[in-house]
Amino acid sequence: MYKKIIKLPYTIEKRKDIGFLLSSLSIVVALTVSILAAAGMISLYGEDAGIVLKAIARGSFGSMSALIDTLIKATPILLTGLATVVAFRAKIWNIGQEGQLYAGAMGATFVILTFPDLNLPPVVHIPLLLFVSMIAGAIWGGIPGYLKARYNVNEIIVTVMLNYVIQYLCTFLLNGPWQEPGSYYYNTVKFPESSFLPLLFDTRLHIGFLIALITAFLVYFLTWKMKLGFEIRARGDNPIAANHKGINIQRVTLITMLLSGAIAGLAGGVEILGIHHKLIWGFSSGFGFTGILICLLGRSHPLGVIIASIFFGALHNGSSAMQIYSDVPRSFVNLIMGLIIVMMLFWEAGFKYRLRRK
Amino acid sequence: MLADILQSGLIISILATAVRMGTILLLAAIGELVVERSGVLNLSVEGMMLSGAFGGFMGAYYTNSLWLGVLSAILAGLLVSALFGLLAVVLQIDQTVSGLTVNIFAAGLTFYLYRALFPNVGATSIPALKPFSQFQIPFLSDIPIIGKILFSQYALSYLAFILMLLVAFYLYRTKSGLILRTLGENPRAVDMKGINVMRYRFLAVLFGGMMAGLAGSFITLASVGIFVADITSGRGWLAIAIVIFGDWKPVKILWASLFFGFIDALQMQLQALGVQLPFQLFLAMPYILTTLAVFLARKRSGAPLALGVHYVRE
Amino acid sequence: MNSEVDSPLLKVDNLNKSFGQFIANDQICFDVIKGHIHCLLGENGAGKSTLAKCIYGASKPDSGRIVFKGQEVSFSSPKDAIRLGIGMVHQHFVLSEPMNAVENIIVGEESTGTILNLQNDTEKIQNLCDQYDLTFDLSLPVSQLSVGEQQWIEILKALYVGVDLLLLDEPTAVLTPQEVERLFGVISKMAADGISVILITHKLDEVIDISNRVTVLRKAQAIITVDTDNSTKASLAKLLVGKEFDFKVNKVKVDRGAPVLEIKDLSVLRDNKRLAVNRVSLTVHEGEILGLAGVSGNGQSELFDALVGVRQTENGSIRLAEDEITNCSPAEISNKGMASVPQDRLKQWLIGNFSVKENLILGAHSNPTYCSRGILNWKNIMEFSKEAINNFDIRTIGPEQKVEQLSGGNLQKIILAREISQPIKTLIASSPTRGLDINASYYVYSRFLEQLKLKAGILLISEDLDELFNIADRIAVIYNGSILGEYCIEDATIEKIGLLMAGLKEEPESLVQKDN
Chain A
1 MYKKIIKLPY TIEKRKDIGF LLSSLSIVVA LTVSILAAAG MISLYGEDAG
51 IVLKAIARGS FGSMSALIDT LIKATPILLT GLATVVAFRA KIWNIGQEGQ
101 LYAGAMGATF VILTFPDLNL PPVVHIPLLL FVSMIAGAIW GGIPGYLKAR
151 YNVNEIIVTV MLNYVIQYLC TFLLNGPWQE PGSYYYNTVK FPESSFLPLL
201 FDTRLHIGFL IALITAFLVY FLTWKMKLGF EIRARGDNPI AANHKGINIQ
251 RVTLITMLLS GAIAGLAGGV EILGIHHKLI WGFSSGFGFT GILICLLGRS
301 HPLGVIIASI FFGALHNGSS AMQIYSDVPR SFVNLIMGLI IVMMLFWEAG
351 FKYRLRRK
Chain B
1001 MLADILQSGL IISILATAVR MGTILLLAAI GELVVERSGV LNLSVEGMML
1051 SGAFGGFMGA YYTNSLWLGV LSAILAGLLV SALFGLLAVV LQIDQTVSGL
1101 TVNIFAAGLT FYLYRALFPN VGATSIPALK PFSQFQIPFL SDIPIIGKIL
1151 FSQYALSYLA FILMLLVAFY LYRTKSGLIL RTLGENPRAV DMKGINVMRY
1201 RFLAVLFGGM MAGLAGSFIT LASVGIFVAD ITSGRGWLAI AIVIFGDWKP
1251 VKILWASLFF GFIDALQMQL QALGVQLPFQ LFLAMPYILT TLAVFLARKR
1301 SGAPLALGVH YVRE
Chain C
2001 MNSEVDSPLL KVDNLNKSFG QFIANDQICF DVIKGHIHCL LGENGAGKST
2051 LAKCIYGASK PDSGRIVFKG QEVSFSSPKD AIRLGIGMVH QHFVLSEPMN
2101 AVENIIVGEE STGTILNLQN DTEKIQNLCD QYDLTFDLSL PVSQLSVGEQ
2151 QWIEILKALY VGVDLLLLDE PTAVLTPQEV ERLFGVISKM AADGISVILI
2201 THKLDEVIDI SNRVTVLRKA QAIITVDTDN STKASLAKLL VGKEFDFKVN
2251 KVKVDRGAPV LEIKDLSVLR DNKRLAVNRV SLTVHEGEIL GLAGVSGNGQ
2301 SELFDALVGV RQTENGSIRL AEDEITNCSP AEISNKGMAS VPQDRLKQWL
2351 IGNFSVKENL ILGAHSNPTY CSRGILNWKN IMEFSKEAIN NFDIRTIGPE
2401 QKVEQLSGGN LQKIILAREI SQPIKTLIAS SPTRGLDINA SYYVYSRFLE
2451 QLKLKAGILL ISEDLDELFN IADRIAVIYN GSILGEYCIE DATIEKIGLL
2501 MAGLKEEPES LVQKDN
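Protein chains in written order, with our numbering: chain A, 1 to 358; chain B, 1001 to 1314; chain C, 2001 to 2516.
Where hints are given, some of them may not hold.
[What the hints assert, rightly or not] EDC-like, lysine to aspartate or glutamate: derived pairs with alpha carbons at most 16 Å apart:
(1) Lys225/A - Glu2149/C
(2) Lys2402/C - Asp48/A
(3) Lys2189/C - Asp2121/C
(4) Lys2034/C - Asp2227/C
(5) Lys2496/C - Glu2450/C
(6) Lys2219/C - Glu2404/C
(7) Lys1175/B - Asp2080/C
(8) Lys2060/C - Asp2013/C
(9) Lys2069/C - Asp2130/C
(10) Lys2238/C - Glu2495/C
(11) Lys2347/C - Asp237/A
(12) Lys91/A - Asp237/A
(13) Lys2455/C - Asp2255/C
(14) Lys1193/B - Glu2110/C
(15) Lys2053/C - Glu2097/C
(16) Lys2455/C - Glu2322/C
(17) Lys2273/C - Asp2080/C
(18) Lys2505/C - Glu2490/C
(19) Lys2060/C - Glu2072/C
(20) Lys352/A - Asp1094/B
(21) Lys2079/C - Asp2062/C
(22) Lys1175/B - Glu2149/C
(23) Lys2069/C - Asp2164/C
(24) Lys2079/C - Glu2109/C
(25) Lys1175/B - Asp2121/C
(26) Lys1193/B - Glu2072/C
(27) Lys2264/C - Asp2227/C
(28) Lys2189/C - Asp2255/C
(29) Lys2189/C - Asp2164/C
(30) Lys1193/B - Asp2464/C
(31) Lys2273/C - Asp2323/C
(32) Lys2264/C - Glu2322/C
(33) Lys1193/B - Asp2466/C
(34) Lys2124/C - Glu2109/C
(35) Lys2347/C - Glu2404/C
(36) Lys91/A - Asp1230/B
Calculated from the structure, these hints are not laboratory results.
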């Protein structure tokens, strides 16, 4: 396989599987290398890596307020991460979380704007709105799901395209029929108070975070405790064997995309009902795409996704603090996350090979 | 009568823009064609184009030479594709996951570097440079109508056409091209002849990277002269769709690229056309049409049989 | 001329090759004379493929010598062998389907110009075709050619480069009789032109028809090399099949009941649209094991696929007890009471990344015991798994272990446990004890026999005659997609069955010498 430039007394052998130990080691190595790279890049930028890293840490966990902010930031990406987990477990490459998230937010907005005089108590209003966001997200995910299931159309392209389409739709609505009268900005009127997500323990943390945690548990339960989850995993790991043993691959494909879209839609609903209380352009700073990142980092497991999303939220938070103490730009965080994943893939694959004495 | 003249002027303008936008897509699509023909599905085209757009801009900005900018764009695309090749071809990590990861990484890297190098970018001051101007081919550009459409383009557009012809020639008329095509259909056939499958595919990936980088440079250097986040706006994905829609054949890809360029151009000239529909609909048009295109192309038979499948010698 | 007889083109000297414990080639010696068509005759498992791989460079022998054109050779890849003039035509073609014959032949060859000169190359190839009487359209994509024509392309690949020795691995497995005739015509011409041919086969007809000499392989050894002129089908058959075996399983005879699986006039196509199963009729009764003997590649896997619902049938019907199951889905057939123990285990019937317990219930995961209201009952599943691991002696760390880490034998046991844990009407097993040791094999047989008592009928497809003679009540033989014969176990002998497997229909005594 490799051109032998130097003749070594070893041959390169490929393992089948690397086991839990090496898998964890690869994550550790990936993180270490990334942090070193980060430190390096900061120094290259002319700053003191130590100060910057400490600032990040303080900004993310250093105080109660910082912690709250971290969790707030983690909430939407935890949900989109979970949405990605469901799809990726079936080896369906849903890249449309961003669009499905928008669909969810727009769905909830639609209900609020269309029925402005609904005087529902929050305990009814909120679940209703969140339910609608899930339906809207499910529909937006169901389109590529149906195309894939029935016609085997490439879901990657369709989901990516639909992201753009729905965002343009949103722009149109926010600049048109949904725009707050008299406003120059792209946003709706403020939502009624009964739609505000309640806050936890008198802090700024809204129950969205709790909803996300519950969703994580539900995704875990679905994937490993339910028949549908079993079939989803079977489709992902060996669709041929799954088909031979009676699993309806098309049905599983469609349901997976509906679910994935629904969870991403929920993320959209939670974000606008929890933070902004209106539909405002730019409410999502790439939460959908970050969700993919989170899923990969979290190894497609709900627990991993929880950790990864908090980690990412922390970094994001910390990077604001970092801005106070240094000139390193905020987008540093995205880069680091990307780097970590690349490293993770690289080391995990690298550990698959070992040297054997000839 | 005046209206007629105005109309035709507008149409010419639209068609000229169509060619311009189409050749951007053509460059990226041709690169991806070569990659996919070798059996590798590279989903990081968007990231490579973005890197090219960024690299091109930076190169031109610092060297004050647009062509050196183009060169650095090609280099940027090359480096990103090398990363993809390392993950997907050498280490044989799932090609989809590799592609998506490199996309995310490239996007993060470019934006970070841009912000790092231009910390004071605001709404008022944004680094800009003087982009390419159109190059009128002598004599030919004087031909009425067609001259304006086809022969008054940017140099990079002509380059795109030439490259397309070269790639077509390479694929169908050279020994190496034959090997490449066979690789995509049955890599074992190539392996049995003693040819290094991995090396060939890796080189194909690098070529795709260079083309995508070149395409990206076109966006920053030949149209606007600035760089912003997401300047590629999904064109990398359109390029992938164009390869599918063009049934993996160079000439069909050319037509598909020009068609998408036309839609793009239409959208830009809408106000002038006096159309009453919301402009966002036209902005969304390329994406809606792409979805339609892949749906219509679902029965396309030109897909390389070994596309996306790792080759392992039994 | 004499010197050519003295120094053969190819001499294989005490070649040994093992894979772990398994000895594939054991002190093989034979030689091939220039201009000869030399057959390697043996049934599967005899070591033919391994030997071929060593000769054409895909495999390195553990010890022994290969002497080609007077020089001792050691190949590190097929490319080395080709350079010296040894080529191989595989059983499974290595062709690029959308491209035509010319492109497939010239791709990557040194003689191909950097700028393709298709006209020139087409002419060259056309000349070769004319030389060997091969007429087919060189410009058509390979996918539109017949299987015979596709094979010619593989042969042309070797001729184009110029070989002195060409190996053909079971070339007639996928050909019609007419195509076989044409192929032999081509081979004869090649031999006349000085190109030596090694034909690997299990079919006695072919050996008698076309070879000059034949080396008989059996159980990893080269038994003998003889001149074909001095042999008869009978004599070869004796060498091929060997003598009786020793041990027997204690089989208590169960009364045969009503037919439980009726296959009538069944025809099934291969992937390349060729007929694999040709109007086969078989009946399995309750309480009996019907063995289906035959060298692999004669239609068994397609038959299996059709029976379990994974492959369409062209013709004919399959009845399971009262139900018509032709072309039903695998789930439906399974629900109606058919269990299946397949051959290619990991890829198509098990999920490697899933655990033992998950694989044990795959397909049955909707059953009320394991699943209620959409939620899996892992407690029950765990219980069943532990029981199965115990009962079927599955060597694993535990029910949680990923199945891809287990050995082939254990994979087989998992499938067995999965299939016969619930009441079944019929079981189709294909090479169920391949890769299992004696104890494990006996265990499998005992479970099969158990099922007989429960009124199931078993169709046992196997190449292992020992196995069939051990437990089958009747043995049928499949050859080239047709049933050549069927015997009750009392009437069957290894010789009779072996001959049918090699395509010989007549009684050995009634055969005459070849040149009559």
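Cross-check of the supplied hints:
| no. | hint | verdict |
| --- | --- | --- |
| 1 | Lys225/A - Glu2149/C | 53 Å, violated |
| 2 | Lys2402/C - Asp48/A | 47 Å, violated |
| 3 | Lys2189/C - Asp2121/C | 22 Å, violated |
| 4 | Lys2034/C - Asp2227/C | 14 Å, holds |
| 5 | Lys2496/C - Glu2450/C | 29 Å, violated |
| 6 | Lys2219/C - Glu2404/C | 29 Å, violated |
| 7 | Lys1175/B - Asp2080/C | 21 Å, violated |
| 8 | Lys2060/C - Asp2013/C | 14 Å, holds |
| 9 | Lys2069/C - Asp2130/C | 28 Å, violated |
| 10 | Lys2238/C - Glu2495/C | 7 Å, holds |
| 11 | Lys2347/C - Asp237/A | 11 Å, holds |
| 12 | Lys91/A - Asp237/A | 8 Å, holds |
| 13 | Lys2455/C - Asp2255/C | 9 Å, holds |
| 14 | Lys1193/B - Glu2110/C | 10 Å, holds |
| 15 | Lys2053/C - Glu2097/C | 25 Å, violated |
| 16 | Lys2455/C - Glu2322/C | 15 Å, holds |
| 17 | Lys2273/C - Asp2080/C | 35 Å, violated |
| 18 | Lys2505/C - Glu2490/C | 19 Å, violated |
| 19 | Lys2060/C - Glu2072/C | 14 Å, holds |
| 20 | Lys352/A - Asp1094/B | 14 Å, holds |
| 21 | Lys2079/C - Asp2062/C | 20 Å, violated |
| 22 | Lys1175/B - Glu2149/C | 24 Å, violated |
| 23 | Lys2069/C - Asp2164/C | 9 Å, holds |
| 24 | Lys2079/C - Glu2109/C | 11 Å, holds |
| 25 | Lys1175/B - Asp2121/C | 12 Å, holds |
| 26 | Lys1193/B - Glu2072/C | 23 Å, violated |
| 27 | Lys2264/C - Asp2227/C | 42 Å, violated |
| 28 | Lys2189/C - Asp2255/C | 57 Å, violated |
| 29 | Lys2189/C - Asp2164/C | 13 Å, holds |
| 30 | Lys1193/B - Asp2464/C | 36 Å, violated |
| 31 | Lys2273/C - Asp2323/C | 28 Å, violated |
| 32 | Lys2264/C - Glu2322/C | 14 Å, holds |
| 33 | Lys1193/B - Asp2466/C | 41 Å, violated |
| 34 | Lys2124/C - Glu2109/C | 14 Å, holds |
| 35 | Lys2347/C - Glu2404/C | 10 Å, holds |
| 36 | Lys91/A - Asp1230/B | 27 Å, violated |
The structure does not agree with the numbered hints 1, 2, 3, 5, 6, 7, 9, 15, 17, 18, 21, 22, 26, 27, 28, 30, 31, 33, 36 stated previously, though it agrees with the rest.
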